[in-house]
Every structure is written in structure tokens, then in C-alpha cells.
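As given, the protein sequences belong to chains X and E, one line each in that order.
The first sequence begins at 1 in my numbering and counts up by one.
The second sequence begins at 1 in my numbering and counts up by one.
No lab work stands behind these hints: they were computed from the structure.
All values reported here derive from a predicted model rather than from experimental measurement.
Treat each hint with caution, since some may be false.
[To be verified] With a cut-off of at most 30 Å between alpha-carbon atoms, the simulated DSSO-like pairs for lysine-lysine come out as follows:
1) X:K244 <-> X:K181
2) X:K244 <-> X:K308
3) X:K244 <-> E:K46
4) E:K46 <-> X:K239
5) X:K181 <-> E:K46
[Claimed, not checked] Derived coverage of chain X by chain E (criterion: at least 3 residues anywhere in the stretch with Cβ under 8 Å from a Cβ of chain E; other residues may be distant):
6) 120-131
7) 287-299
8) 317-326
9) 394-401
C-beta: ideal position from N, C-alpha, C; glycine also.
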Amino acid sequence: MHFEPSPGDVAFRADVREFIRQHLPPDMARRSYICSQPPDIGDFRRWQRILHDRGWGAPHWPVEYGGTGWTAMQRHIFMEEIFRADAIDYGWQGTHMIGPVLIAFGTEEQRRRFLPPMLRGEEIWCQGFSEPNAGSDLASLRTRAELAGDEWVIHGQKIWTSDAAEADWGFFLVRTDPHAKPQRGISMLLVPMNAPGVRVRPIEALNGGRDLNEVFLDGVRVPRGNLVGEAGQGWTCAKYLLEKERTASAYLYRNRRELEKAREIARAETVEGVRLIDTPEFARRIARVEADLLALEWSVLRILAGEKNLHDADAVVSALKIRGAEMQQRVAALQLDALGPRALRVFAQGDRSAEVIEGTSLWPAYVPGRLGQFLYARAATLYGGTREIQKNIIARRAFGLGSG
Amino acid sequence: MDFDLTEEQQMLRDGARRFFREHYRFEDRRALLASEAGFSRDHWAKYAELGWLALGQPEETGGWPGSFVETAILMEEFGRALALEPYVSTVVLCAHVLGRCAAARAAREVLQALAAGDARLALAHHEPGGRYDAERLNVVATRRGDAFQLRGCKSCVPDAPAANRLIVSARLEGEEDIVLLLVDAGVPGLRMNAYSLVDGTRAADLVFDGVRVPASSVLARGAAAGDILQAALDRATLARVAMALGAMETVLQMTAEYAKTRVQFGQAIGRFQALQHRLAEMFVEVQETRSILCCGLAHVEAAGAERSAMISAAKVVAANAARIVGEQAVQLHGSIAMTTEYAAGHYYEHLLAFERIYGDVDWHLDRFARRAVT
Numbered sequence: 001m002h003f004e005p006s007p008g009d010v011a012f013r014a015d016v017r018e019f020i021r022q023h024l025p026p027d028m029a030r031r032s033y034i035c036s037q038p039p040d041i042g043d044f045r046r047w048q049r050i051l052h053d054r055g056w057g058a059p060h061w062p063v064e065y066g067g068t069g070w071t072a073m074q075r076h077i078f079m080e081e082i083f084r085a086d087a088i089d090y091g092w093q094g095t096h097m098i099g100p101v102l103i104a105f106g107t108e109e110q111r112r113r114f115l116p117p118m119l120r121g122e123e124i125w126c127q128g129f130s131e132p133n134a135g136s137d138l139a140s141l142r143t144r145a146e147l148a149g150d151e152w153v154i155h156g157q158k159i160w161t162s163d164a165a166e167a168d169w170g171f172f173l174v175r176t177d178p179h180a181k182p183q184r185g186i187s188m189l190l191v192p193m194n195a196p197g198v199r200v201r202p203i204e205a206l207n208g209g210r211d212l213n214e215v216f217l218d219g220v221r222v223p224r225g226n227l228v229g230e231a232g233q234g235w236t237c238a239k240y241l242l243e244k245e246r247t248a249s250a251y252l253y254r255n256r257r258e259l260e261k262a263r264e265i266a267r268a269e270t271v272e273g274v275r276l277i278d279t280p281e282f283a284r285r286i287a288r289v290e291a292d293l294l295a296l297e298w299s300v301l302r303i304l305a306g307e308k309n310l311h312d313a314d315a316v317v318s319a320l321k322i323r324g325a326e327m328q329q330r331v332a333a334l335q336l337d338a339l340g341p342r343a344l345r346v347f348a349q350g351d352r353s354a355e356v357i358e359g360t361s362l363w364p365a366y367v368p369g370r371l372g373q374f375l376y377a378r379a380a381t382l383y384g385g386t387r388e389i390q391k392n393i394i395a396r397r398a399f400g401l402g403s404g
Numbered sequence: 001m002d003f004d005l006t007e008e009q010q011m012l013r014d015g016a017r018r019f020f021r022e023h024y025r026f027e028d029r030r031a032l033l034a035s036e037a038g039f040s041r042d043h044w045a046k047y048a049e050l051g052w053l054a055l056g057q058p059e060e061t062g063g064w065p066g067s068f069v070e071t072a073i074l075m076e077e078f079g080r081a082l083a084l085e086p087y088v089s090t091v092v093l094c095a096h097v098l099g100r101c102a103a104a105r106a107a108r109e110v111l112q113a114l115a116a117g118d119a120r121l122a123l124a125h126h127e128p129g130g131r132y133d134a135e136r137l138n139v140v141a142t143r144r145g146d147a148f149q150l151r152g153c154k155s156c157v158p159d160a161p162a163a164n165r166l167i168v169s170a171r172l173e174g175e176e177d178i179v180l181l182l183v184d185a186g187v188p189g190l191r192m193n194a195y196s197l198v199d200g201t202r203a204a205d206l207v208f209d210g211v212r213v214p215a216s217s218v219l220a221r222g223a224a225a226g227d228i229l230q231a232a233l234d235r236a237t238l239a240r241v242a243m244a245l246g247a248m249e250t251v252l253q254m255t256a257e258y259a260k261t262r263v264q265f266g267q268a269i270g271r272f273q274a275l276q277h278r279l280a281e282m283f284v285e286v287q288e289t290r291s292i293l294c295c296g297l298a299h300v301e302a303a304g305a306e307r308s309a310m311i312s313a314a315k316v317v318a319a320n321a322a323r324i325v326g327e328q329a330v331q332l333h334g335s336i337a338m339t340t341e342y343a344a345g346h347y348y349e350h351l352l353a354f355e356r357i358y359g360d361v362d363w364h365l366d367r368f369a370r371r372a373v374t
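Next up, chain E with everything else stripped away, as it sits in the complex (with noise of 0.2 Å):
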């Protein structure tokens, strides 16, 4: 065992803290927060450029090939910045879905399109009323000749509205079979309401009112597409926990720094026993945060079964560690993290997006407990 960064990894670290310190400051922040897309294309060409998305992509398709080390890496420094722009959707969620039905040509042309930086995709896959588990989805697929009718409807679908393609879940008719589809975002008779979360992305409620979609747009079915969508979602998981630990060790040290600053009675607060055993705290469930994410990372690559519940294990672990350290993050801050003019709060609302995205507490709580007891 190594947990220190190699000198490449060292690399991508430090480039990726340049880029932000230089291109996310706060103001240029709260400018795409209030922009109509809500990110930035000229940063996601940009993040072409760098390589970042092609990590952890097949050679063969223009990927820079790695482990999923370097992906927590880089997602540790996007959550440092709390960046918006659609990373985990494309290329964490959805490259890997697509990496791995590689025999599709389809999946290859938008695998190539997306390292270039010409593709951005979202997961269509929960639907209402299914709160964190879809296993009997209602997006039915109808056969009709040489293509598939989709209908049905997904909600709150996560970066939907950046999104040119989608990968969209749906169960065949009259089958259990699920099935992974590639689906153009502008293709007719998909309609898409899109609308802002708490921590500033983008979402969409996408209703499909029979939309045709090629068979040659058949990603994977049945058991396979099971298994694929679960490995890419315990990926997006594990990712955010690496995005919430750096979000979380950002917003300490500045909730530290405010503490040695902000004067009351005459003194810094900092001072006060109460705060810095309230700091100590937070301090603690940092720690305990990093070495979590490290032992997701260790089983990333793992069989299915193992993979979910130590992914789970560290879901839960950072969730808990979120709840604590963003609140504790307002309260010592004070009115002033009430505020969207100040980077606390945005700190705050990135936190509890994180805590309910691709399950929460309890469903991961659930997962791993069918592991951990038997």
C-alpha cells in the first residue's frame, strides 16, 4: 500500500488547483451561477485540452488511460472549487457506460466526440416515485421494426440540460429486461424541463412522448445493462465523496481562518474553547472522510457486490461527515453564511446536494447493512 501521489499524480493535482485558483475565483463563480447555462464551455474546452476528459477512457478511443485514483484526484480539486461545469455526468457516469459497451459502434463515435470535448452527456435513469432505486422502471421501449419507442418519463436527471446525448434506462415491454439506449438530446418528441439545484447545477424532468430511437442506439440489456449502470453509479458515488472532501477541507480552513479573524467580546472567537473543539470536530470527520474515500478507492475496481457496499460504507461515512462539517461551517461563520455573497454558504449548499445525490444516507445505509450483516 502507497497512499502517496506519484509524480504524475502530483501533476494533475497541482495543475488542477492552478487552473481553478486562476479561472473560479468567486465572482467569476457566482457569474456562471447566474449565467443561463450554468457552466462554462470555454472551461469544458479547456478541461479537453488538459486531458481530463479522456481519464480513465479506453486508449482506443482517445482516452488517457488510468486509474480511478486520478479521477478522485481531479474530482477532489473540482470540489475545492465547487466547479459546475458537468464532469461526473459525462465522464464519470456516463463515459464508463459507454466505455463498456465499446462493441457498440455508436459508443464509440461519442466516447471520441467526448475526450475532444464536443460531447457532454447525462444519465436518464431514476424516474418518479422511485426515489434511489429504479429496478422496475416505467420508460417503457416498444419495438417497432428496426428501431425502439420510448415513453415514460425521468425526473430530476442530473446535467441534463448541458447535455447533447443521454443515456436513457428503460425496461422493454412486455419483458423485465432493462435496456441502455443513446438518445440525441434534441430528438423529437423528448421534452425536457430543466431547473436549477441547491448547490447551483442543473437538472431536468425529461418526458418521453414517443421518441424513436435507432436499435444501432442499444447500448446494452438485461443483466449486462444492470451491472454496468450500477458500477458507473457506485464510480459517480465514489467520485462526489472525493468532490464533498475537498468542498469540506476547503470550507474548514476558511470556517479556521474566520474564527482567528472575527472579533466578538473583545477577542478572536477562535479563542473560545467552544469553537475549537466545534473546529476539532470537524477536523476529525475530515480525517475520517479522506480515509474512507481511500478505502472506496481500493475496492473501486472490485466485484460487484463488494465494490457497492464498500462504495456505500463510504457514502455513509462522508454523508454524515458533510452533515456535521457543513453545518458546524455556518454556525461558526455566523449570519454572514447566510448569504450567497459569501463562499461559505455555496460551501454549505454543494455539501447537502452531495449528501441525497445517487442515494442517501439511509439507501446506502440499507445497501451496505445487506453486506456487512450476514
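For reference, chain X alone in the conformation it holds in the complex (with noise of 0.2 Å):
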């Protein structure tokens, strides 16, 4: 056991920040320092597109589908870069999650088609999972898919489904044997989003943000060709995507980089002359905050290091996505508790106009974003597998309790 880091790795961080200093375009970090999550489109087209020219597109795929080998923890020190900078967080649907379903169950035919684009943000990905009467309880899903000749025929409906109206493609879970037990009869199909009979409602969501949608597919006819893996394997599938990043669901780097902001507000803030920061109150906060957070990233170190004595890691992974997706909210709570009253106005997205009064911005910079990040925040405990399921995962897999 020891925990130097080795000096590879120091060098390594090094080049990263430099290539990210020099790349970056500063409108996009500004952009992305109001409201990270979910990035901008545009800007994600772009950064994918910057990334894939320095041959970091995908850093965690093989080196043969352009990967760049890096060890786990050098894609740990990337992703730290990454937020670090206010740059662009990876897009989750393309590159982590069909993507390495393409390379793990796709024909040698579709990783060619799709996977190219996908690296050049190009195409841009959506999921469509969650239905209206599946959510928690996705094996239900009623979205179905019969063989016609040598096209798929998909009726059904999918809702929450992040960015469909932007995306050129989804990957959809659908049921193609009724008869199967409900997980077994799951398939995956890859639908091109305008397709005739697919039809993308966007749906307003809490903070204003309009990536959230419903999907209607009505007679969408796509190729046989577009079944990735076997019929009835959609579901090994799907977990395989989930389970990929095993660390991505401590959001570690986003916490960090968000407290920071937390803490960037308190230094700024005031209460009765005194520096909210100085405030003992405030400093046992964020501290009690900080101190939990540092647990967190050590859990992922645990993980990326390839701690073998681990308990089962089924469950250790849903304890990280149970204290990332709180940390998410609690940062987010320290963020408008520090903001005051101030944290409640509404900046539609985009409006990021600072007036200035007698010299004195009314609104600072780090104010706007803020209330939505925290409504998008709620969401946190919500997907990829609720807080609820996460519990149900740890009773069955660390204890063998229950069925969850």
C-alpha cells in the first residue's frame, strides 16, 4: 500500500492544463462556467472536435477505435483538467455509453459507420430508455420492435430522454419478444432521429432548460442492420453502458470545481462588512463539505487504482453514486444559501447581463446559473438508477437482502 503519485503523472497533468490553456476558447469556458451541466451543443460540437485533433476524443476506448491508452489514473488527472478549466465534459450518450457498446457488442460494420463521427462530434447521441410507465422499473418497457422482411417496425413512446431534438441518432431500448421473460425480450435498435414517425416533444424542465424530451415513434422503420448485438441481449447491454465508467457517478470533478465556485461566492459575499468565508458558520459548512468530498475522491482513487480488497463492487459503486449525486446537491444548496436572497432571481439561459450600478456590478458573474444548476441538480438522485435503487443494489449485493 502507498499513495505517491508517480511522476509521470505530474508531468502528464502538466501537458494536459497546457494543451487545455492554449485551446479552450475562452467564450466557451464562460459559457460553461454559468451553466455546465448539460453543456451546450454548439460547444460540445466544437470541443469534441478539438479534442479528437489532439487524439483525445475518447480516452478511455482501445487504442484501435482512437483511444490513447492512458491508465485509469491519467484519465482521472484529465477529467480533473477538464472542469478544473471550465472546459466541456464529455458527452455521456455518444462516446460513454453506445460507443463502448458498439466496440463491445456492435458488428465491425457499425463501429466503422458510427464510431468515427461520434469521435469528431459530429453525430451527436441520445438514450432512449425511460418510458411513462418504466422508469425505475425499466424491464416494463412497452416500446416494441417486430421484423418486417428486413426492417424493424418500433411503435411506443420515450420520455426524459436527454438532447433528442439535437441528436442525429439514438440508441433505443425496445421489447421484441413479448413472450420472454421482461429483461430477456429487451433489444437495442439504433434509430436515426429523423426518421418518418419519429416525433421529439421538448418538454420545459424546472430550471427553464429544454434538453429533456419525449419521444414518439410511430411505424419508424430502421434496418435490420441496426440491432446491436442479438435480439433479446438489449438489456446486457444496457447494463454494460451503465457499469462502463465505474467512477463517472461520484461526479467527482464536477463537485470539486463546484464547491470551488461555492467557496468563489463566499469570498465575494458579505454579511455585515464581514466575508461570508469568515463567517464560522459558513466555514464549518463548506468545511463539513470539503471533508466529505475528499472521501469521495478517495473511494475513486480506491477504484481506479484497482483495490482489490474491495467489498463487492456492485455495491461500492452505487455507495459512489449515492454520495456523488447528494454531494451534487449539497454544493449546490452551499452555492445559493451563500448567494442569499440574490440566488432566487431567474436568468433565462443565455441572459447572462451583469448591470452595473455606480461602478458596482449588481450582478457578479457567478451569479447567474446558479439557481438552475441546483434545480438541474434534483435530478442527480434521480437518474441512472434512483437513490432508492442504489440502496436496493447495496442490501442485494453487500448483504444478499432482497430482490432490488
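Using the hints, build the complex out of the two chains.
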């Protein structure tokens, strides 16, 4: 057991930092500072292209498909630097979800067709899993697909589909065998979002964002070759993509950056002439969150370093998800509390006007975006398996209790 | 970074686990709790034989040099067994002070005796009214020729009743400087009022009424003494975090097993989702405690302020977890956890003591905040 970082990692961090400093457009960093979640699609496309040109479009992929061959620790350092600089997070549905699934389960033809434009940021992906009556109980999904000649014909409805309006492609879980056990009858299909019969209705979110959608699939036809893996393998593919990046659920890098923003606010805001950060009450609150964030960070490091002595790995990953999601909410709450009453003002997306009165900035740059990000963070304990589902998983995997 | 144990570390852990399994059965431990000393001198001799008392000490005084990771591994096993011997006081706290003062001949002699199992020590530092801070000491050392005279009172000194030597912090009369003195526990003029703490370990109030200490007993003074004291207390804090982790893991497992076998309403209570989720929450706390222990271990040799801050963070996370895990272990067991005839309550009491020894959550949170918020 030892905890020293390798000298190579120190040099690697310097390289990454320098690259980001040189290539991250300041306007993009500014937008990301205000609202990093979800990133602006246009910014995402541009940044993905920049990373791809450097060979960093999907560091976690196998080298033959465009990956970097970095160690887990290097990928960790890379993500730290991305968030530290307010650069853009990877598009999750693309390089992090469907990409690895195609590499593991797809045909060579599918890989050749879909991976390069994904790396270049030219094709945006969305994930069609949840349905109005299939949320936590995903296996009860009802969208169905039947083979008609050489085509799958899809009927049904998806909901909470992020980025569906901008996406070029979607990967959808559909029921292809109504007679099989619920999980065995599910398959994964790749659907072009401009196909006839696909209709997208944006859903306005609490924070005013419009990235969530309903997707209606009404007799949508896709070629037989758009099936990922085999028929009935959809559940396996879905589980694989959710488990692939085991430490991502800690949201470590985002949490660290957002806590830094909370500090920035607390340094600037004053209570009766005293900086908020110098009041014992707020200093303690920040320290409390920081201590838990350190624990979360070391939980991630344990997994990245491949600790063998881990308790059941699934249970550990669920623990990370619970803590990481709650941390997003706690940090966002710190930011709002630090802002005081001005936290309540709604800023439309894209509206970041700072009104300057008598030379004093009344609405400093750290205000817009915080309310929206706070509201967005309510979903952190919902998406990717609710907190309650994670607890079911822990009870089953760590203690052999329950069925969840 | 590598979080896996080396072969030697595994042997240390397995050896400790085996020893405690054989010698620390529940009834054996209860007998020790009821005994006058509150711990086993035979076990102490065995620890010397196993080399545990020499762990982390300089080789030239009979030590077994190793990193603090080995100490933490051993402490985790102590925690699983709720071992009662005054290991942290003697080996983690006082031996560290002595090791840093090895220029003093007295220190070298005691270290040798300690490794051989012939010395047990306690650190007499905290004073009544001082809570966890002891910056303005009321115990005063007055120079009398080539000796010092000690006056004042120390309170709630862990493991003092078991100790035959004490390391006493005092303020030099007429100066701000503090001084660390090695004092024989049987010295004339020292009164000891011993009592039990909630976890069954023993502590004492010490009254120094003109105790004469030769000048050769001075271990350190001034800023150096403060630094050494701080480093030793930080290490003791982290050792107790490791111990608490072992205790938490054990009582969590015990609670899960109980939930599987305890039948109410015609089924094992572990089938109720409310209880499953409670166990899951305890699991998360234990995981985070192991992680923050690693963070503490990574910083235990860091420069003073950084080390202290990170170990405070470790204590904050671990003590919070200890409260949740301890209280829920009692709640999920139900009434059976309210009796000393069943182990769960003993773990709860150990964790309760852990929360407050060497600084409670508020104290450590403030110390960490001073570093975190700048």
C-alpha cells in the first residue's frame, strides 16, 4: 500500500493543463462556468473536435478505435483538468455510452459507420430508455419492435430523453419478444432521429432548460442491421453501458469545481461587512462538505487504482453514486445559501447580463446559472438509477438481502 | 498509488486476526472488562513477542520500522476485536514522542523497554476546562537546581492507570514555552484518581503536587515540543480512525446477520425495505470511512499544517460515520443491543468513545476549516 503519485503523472497533468490553456475558447469556458450541465450542444461539438484533433476524443476507448491508452490515473487527471478549466464534459450518450457498447457488442460495420463521426463531434446521440410507465422499473418497458422483412418496425414512446431534439441518432431499448421474460425480451436498436415516424416534443424543465424530451415512435422503420448485438441482448448492453465507467457516478470533478465556485461566492459575499467565508458558521459548512468530498475522492482513487480488497464492486459503485449525487445537491445548496436572496432571480438561458450600477456590479458573474444548476441537481438522485434503487442494489450485493 | 496490501502486510493482518479470534472471544473480553486492570498483561507480553510494540520505532532502539500503514492495519484488527490494551497511548502516541526525542537518553531507554513489553505509557496533556485545546497549560514546571518541580492537574488521561511512565506537558514557570517531561508513574507527590470510560478502557485524573523531576527527564521544549505533541496526537487520531473502521465493519456485518435471522411478523426483518435501506446507508458510511482513512494515511508524513488538516478531515468523516453506524446498529438490533450481555452494545460504546477522544467533530471541523477555507 502506498499513495505517492508517479512522477509521470505530474508531467502528464502539466501537458493536459497547457493544452487546455491554449485551445479552450474563452467564450466557451465562460458559458461552461455559468452553466456546465448540460453543456451547450454547439460548444460540445466544437470542443469534441478540438480534443479529437489532439487524439483525445475518447481516451477510455481501446487504442484501435481512437482511444489514448492512458492509465486510469491519467484519465482521472485529465478529467480533473477539464473541469478545473471550465472546459466541456464529454457527451455522455455518445463516447461514454453507446461507443463502448458498439465496441463490445456491435458489428465491425457498425463500428466503422458510427465511431468516427462520434469522435469528431459530428453526430450527436441520445439514449431512449425511460418510458412513461418504465422509470426505475425499466424492464417493464413497452415500446415494441417487430421484424418486417429486412426492417424493424418500432411503435411506442420514450420520455426524459436528453438532447433528442439535437441528436442525429438514438439508441433505443425496445421489446422484441413479448413472450420472453421481461429482461430477455428487450433489444437495442439504433434509430436515426430524422426517420419518418419519429416525433420529438421538448419538455420544459424546472430550471427552464429544454434538453429533456418526449420521443414518439410511430411505425418507425430501421434496417435489420441497426440491431446492437443479438435480439434479446438489449438488457445486457444497457447494463454494460451503465457499468462501464464505474467511477463516473461520483461526479467527482464537477463536485470539486462547483465547491470551488461556492467558495468564490462566499469570498465575495459579505454579512454586515464580514466575508461570508470568514463567518464560523459558513466556514464550517464548507469544511463539512469538503471533508466528505475528500472521502469521495479517495473512494474514486481506490477504484481507479484497482483495489482488490474492495467489498462487492457493484455495491461500492452504488455507494459512489449515492454520495456523488447527494454531493451535487449539497454543493449546489451551499452556492444558493451563499448567494442569499439574489439566488432566487431567474436568468433565462443565455442571459448573463451583469447590470452595473454606479460602478458596482450588482449581479456578478457568479450569480447567473447557480439557481438553474441547483434545480438541475435535483435530478442527480433520480437519473442513472434513483438513490433508492442504489440502496436496493447495496442491500442485495453487500448483504444478500431483498431482490432489488 | 496502490491500495493492496503487500505480502508482509497481509501476514500482519492475518496474524492479528488469528490472535484476536483465539484470545478475544466475547466472554474473554467481558472478563477483562470486569478485571481490576481492564486489560490483559499476558496479551501485552504477547504483543511484544509478535513485534507489535516495536512497530514504527527506530531500529537502533529495538524497533521494527515500517510506515504508518502497518499501524493502521493492526489498529483495524484491534477495532474488530475491541481490544482493550493501551496500544494507542503507548505505541502510537508516546513512542512517537520518544522516537522524536531520541537524543535524550531517557527516551532511548524507555523505547527499548517499551518494545520488550516492559513499559506502558500514557500522555498527560489535556487539562480540566481545556476541552480539546491545551495551548495554555496550567500544569507548571518550576526549575529547582538541576530538577523541575511540577504542580497542577491533568484530567481524563487515557490509559494512565495502566502506565508505569507518563509523558507530561507543562508550562515553564515565567515563560510561554512548554516542556515535555518523562515522569515515573509512581513518583512521590503524584496522585492518580482512576476511573472507567464508556468503552470500558480506563483513564485518570492526575494531580501533581510538587513532583520532582530531574532535568534529564526533559524530552523536548518550546516550539519543538509543540510540533512533536501535535504530530503524535494526529497519529493517535488516525490510529483511532482505523480502529473505528474495524469496529464499524464488524458491527455492520453483525447487524446484517441479525436482520437475516430475527423473525417478526412471520419473516426475517431483513426482508423489510426500510431496514435494507438503513443497512445500505451504513454500508456507504463504512466505505467512505475506509476511503478517508487512506486519505489520512497519504498525508500522515506531510508537513505539520497539511497533515493536521487532513487528519482532521478523516476524523470528521469517520466520527460522523461512527455515530450513524453505531446508532443504527443499536436500532436495527432492537432491545438486545441495550444489554452488556450482547456484543452490539459494546461496539456502540467503543464508537461513542471514538467520537470524542483526541478531539470531537466540532473541534476537528474547525481545524480543517482553517485550512479548507482560504
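(request) Identify every previously stated hint that the structure contradicts and give their numbers, smallest first. (result) 3, 4, 5, 6
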